[in-house]
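Asker: First residue of the sequence shown? That's 92 in this note's numbering, and the numbers climb one at a time after it.
Please keep in mind that the hints were generated in silico from the structure rather than gathered at the bench.
These numbers come from a predicted model, not from an experiment.
Treat the hints with care, since some could be wrong.
[To be verified] In the DSSO-like style, the derived pairs of lysine-lysine whose C-alpha atoms are separated by at most 27 Å in a straight line are:
| # | residue 1 | residue 2 |
| --- | --- | --- |
| 1 | 123 | 164 |
| 2 | 188 | 159 |
| 3 | 130 | 120 |
| 4 | 186 | 120 |
| 5 | 101 | 148 |
| 6 | 230 | 159 |
| 7 | 113 | 160 |
| 8 | 256 | 130 |
| 9 | 123 | 159 |
| 10 | 143 | 159 |
| 11 | 252 | 183 |
| 12 | 120 | 188 |
| 13 | 130 | 114 |
| 14 | 148 | 120 |
| 15 | 148 | 164 |
| 16 | 120 | 101 |
| 17 | 101 | 143 |
| 18 | 230 | 256 |
| 19 | 252 | 188 |
| 20 | 188 | 160 |
| 21 | 160 | 237 |
[As the list claims (entries may be wrong)] Label-pair restraints from in silico Cβ distances:
| # | residue 1 | residue 2 | range |
| --- | --- | --- | --- |
| 22 | 230 | 104 | 30 to 40 Å |
| 23 | 103 | 237 | 38 to 48 Å |
| 24 | 166 | 231 | 12 to 22 Å |
Every residue gets a Cβ at the ideal spot worked out from N, C-alpha and C, and that includes glycine.
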Amino acid sequence: MSSGPTYNVKFRRRRESKTNYKKRLGLLKSNKDRLVVRKSNNSTVCEIVTYKTEGDKVRAHFTTSSLKKLGWKGHTGNIPAAYLTGYACAKKAMKDKVGEAVLDLGLVTPVHGGRIFGALKGAIDAGLTMPSDEKVFPKDGRISGKHISEDVEKNFEETKKNIDKELGE
Numbered sequence: 092m093s094s095g096p097t098y099n100v101k102f103r104r105r106r107e108s109k110t111n112y113k114k115r116l117g118l119l120k121s122n123k124d125r126l127v128v129r130k131s132n133n134s135t136v137c138e139i140v141t142y143k144t145e146g147d148k149v150r151a152h153f154t155t156s157s158l159k160k161l162g163w164k165g166h167t168g169n170i171p172a173a174y175l176t177g178y179a180c181a182k183k184a185m186k187d188k189v190g191e192a193v194l195d196l197g198l199v200t201p202v203h204g205g206r207i208f209g210a211l212k213g214a215i216d217a218g219l220t221m222p223s224d225e226k227v228f229p230k231d232g233r234i235s236g237k238h239i240s241e242d243v244e245k246n247f248e249e250t251k252k253n254i255d256k257e258l259g260e
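Go ahead and model the full structure; you've got the sequences and the hints to work with.
Answerer: As structure tokens, this is what we get:
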């Protein structure tokens, strides 16, 4: 007697298009912390995450909305804000003795010169050791906000100094 047909049901997070388990396994096999970068229209979120069998542990976290407390006056959904978010997250991680990590893009299609690679550049400039290629980073003028306005460029430098003051060694 057969109990009926069997169906191959994917994991719930895969069905919801939230997790690519094959890509995640490849990242976890590196035995390094992950720099998880997620973006929306108005913000960028950076986290340093360590794999634990009982569940991932977030060691450092920073969002573009937190930049407002450090003097950022510009929009939070652009490349300069993403760079500063990656920079601040890495500074926090350095305090927690994180020295190296790998980039976790999630399900996002990588775009050279985009916000995700801006955040990666910020993390590397803050002192994290991460595998990367210089070709993917945004140009320096775009990172500093020169393409937006001179006010944004000045505010970028002020905010970066404030991050160093607040979160630096």
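Asker: Each hint should be assessed against the structure and marked as holding or not.
Answerer: Hint check:
1. 123 / 164: Violated - the C-alpha atoms of residue 164 and residue 123 are around 34 Å apart, more than 27 Å.
2. 188 / 159: 26 Å, holds
3. 130 / 120: Answer holds: residue 130 to residue 120 is near 25 Å, not above 27 Å.
4. 186 / 120: 25 Å, holds
5. 101 / 148: 25 Å, holds
6. 230 / 159: Holds - the C-alpha atoms of residue 159 and residue 230 are around 24 Å apart, at most 27 Å.
7. 113 / 160: 38 Å, violated
8. 256 / 130: 26 Å, holds
9. 123 / 159: It is violated: about 31 Å lies between the C-alpha atoms, which goes past 27 Å.
10. 143 / 159: The given pair, whose Cα atoms are some 32 Å apart, is violated under the 27 Å limit.
11. 252 / 183: 15 Å, holds
12. 120 / 188: 21 Å, holds
13. 130 / 114: 19 Å, holds
14. 148 / 120: With a Cα-Cα distance of about 16 Å, the restraint between residue 148 and residue 120 holds, given a limit of 27 Å.
15. 148 / 164: Distance ~31 Å between residue 148 and residue 164 Cα, so the pair is violated.
16. 120 / 101: 22 Å, holds
17. 101 / 143: 23 Å, holds
18. 230 / 256: Holds, because 25 Å separates the two Cα atoms, which is no more than 27 Å.
19. 252 / 188: With a Cα-Cα distance of about 22 Å, the restraint between residue 252 and residue 188 holds, given a limit of 27 Å.
20. 188 / 160: The hint holds at about 24 Å.
21. 160 / 237: 22 Å, holds
22. 230 / 104: 30 to 40 Å: 36 Å, holds
23. 103 / 237: 38 to 48 Å: Because 45 Å falls inside the window, the suggested range holds.
24. 166 / 231: 12 to 22 Å: 19 Å, holds
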